[in-house]
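J.: Here is how the chains run, residue by residue.
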Amino acid sequence: MPLVKIHLPKGKSKEYKRAVGDGVHHALVKVANVPPDDRFQLFFETEPQNVIADPNYGKAQRSPQLTIIEITFNLGRTLETKKALYAQIVNNLGAEPGIPSDDVFINLVEVPGENWSFAHGTAMYAP
Amino acid sequence: MPLVKIHLPKGKSKEYKRAVGDGVHHALVKVANVPPDDRFQLFFETEPQNVIADPNYGKAQRSPQLTIIEITFNLGRTLETKKALYAQIVNNLGAEPGIPSDDVFINLVEVPGENWSFAHGTAMYAP
Amino acid sequence: MPLVKIHLPKGKSKEYKRAVGDGVHHALVKVANVPPDDRFQLFFETEPQNVIADPNYGKAQRSPQLTIIEITFNLGRTLETKKALYAQIVNNLGAEPGIPSDDVFINLVEVPGENWSFAHGTAMYAP
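Chains U, H and E supply the protein sequences, listed in that same order. Using this note's numbering, you'd call the opening residue of the first sequence number 1 and step up by one each time. Using this note's numbering, you'd call the opening residue of the second sequence number 1 and step up by one each time. Using this note's numbering, you'd call the opening residue of the third sequence number 1 and step up by one each time.
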């Protein structure tokens, strides 16, 4: 159910991207109650001139490593869960592939469960 | 009003993409009350290493044909309409260009009508 | 906080893209109470065959210059503010880089403030 879109610098290896994807997904599973096999991620490779980000907003020192993570998932997570998710993602990506916490930007978009069809035109999460 | 973003494998022909776009749009018009000329679609060509999707989540057998469809449209569709929309999209894409129902992933994001400006800086759907 | 995604024709210069980004950002700052240094923008260069847009929906005469702007920002802007934002963006982009008002398409997605982490895994806008 989460649809995760990850914008990162062009030219990273397949292994690097896999590590970023793993870090985000494992955080979702660990703290946000996402099933381990509920993984859908898209990576967008950005050229430097296609990203404009303030280098310091939000008490950060951003580098060209900036990684922008958009997560669309179901409504209902508490503020506590969201905070734990942010912290866990940053922790995971700091460990592997080694992205500084300054360079991890996260945005959540929430939708009702009925807004997903994973396959076959069914609405598996509908009431 | 719907803004439709379609993520599909790189290297498909213009005709293939057009067929996918047609299938999604015709479903929106047929079951979700979208005007026939209210069509705005973006296609994103994905390389295999830029998509990580569980092969089986949601009782599917996904292939590299996986097509991820994001639809942003106005709030207010019923669950019944959403279900009919999923089914119609899968049906249309199965017929043309021939995408297995296992490979059609759909996510809806809903916004109020005042959140669109189609041109000229006007808010055509605002109350 | 706003995450701005701008879809424009492939092949535009860095200066052109910067002007589009400036026009959108300055409008957000001027009429929507966005801090001047709260700027996060992604540009997507689209090939003609990857955009399908009705040429006339919404009383427009669209050209291949079509620029689709997605803005994700915090809930709470009034209709009046949204209308002023659309008008200001169109005005700014008309002046520089010179995009006709027919070719400016805008969509807003709103999220609560707790749905952002700008860096360090913190939720700066959480209550």
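What the hints contain is simulated information worked out from the structure, not anything from laboratory work. A portion of the hints provided could be inaccurate.
Same chains, same label: a pair holds when it works inside one copy or across any pair of copies.
[As the list claims (entries may be wrong)] In silico EDC-like cross-links for lysine to aspartate or glutamate, where the CA-CA straight-line distance does not exceed 20 Å: (1) 14 / 54; (2) 83 / 37; (3) 10 / 80; (4) 30 / 45; (5) 59 / 114; (6) 10 / 38; (7) 30 / 54; (8) 83 / 114; (9) 10 / 47; (10) 59 / 96; (11) 14 / 114; (12) 12 / 45; (13) 10 / 110; (14) 59 / 45; (15) 17 / 110; (16) 59 / 37; (17) 14 / 102; (18) 12 / 37; (19) 83 / 54; (20) 12 / 114; (21) 12 / 38; (22) 30 / 96; (23) 14 / 45; (24) 10 / 45; (25) 83 / 110; (26) 17 / 45.
Note that the structure is a prediction, hence the values are computed from the model and not measured.
J.: Of the hints stated earlier, which fail here?
T.: The structure breaks hints 2, 3, 4, 6, 10, 11, 13, 14, 15, 17, 18, 19, 20 and 21; every other hint is satisfied.
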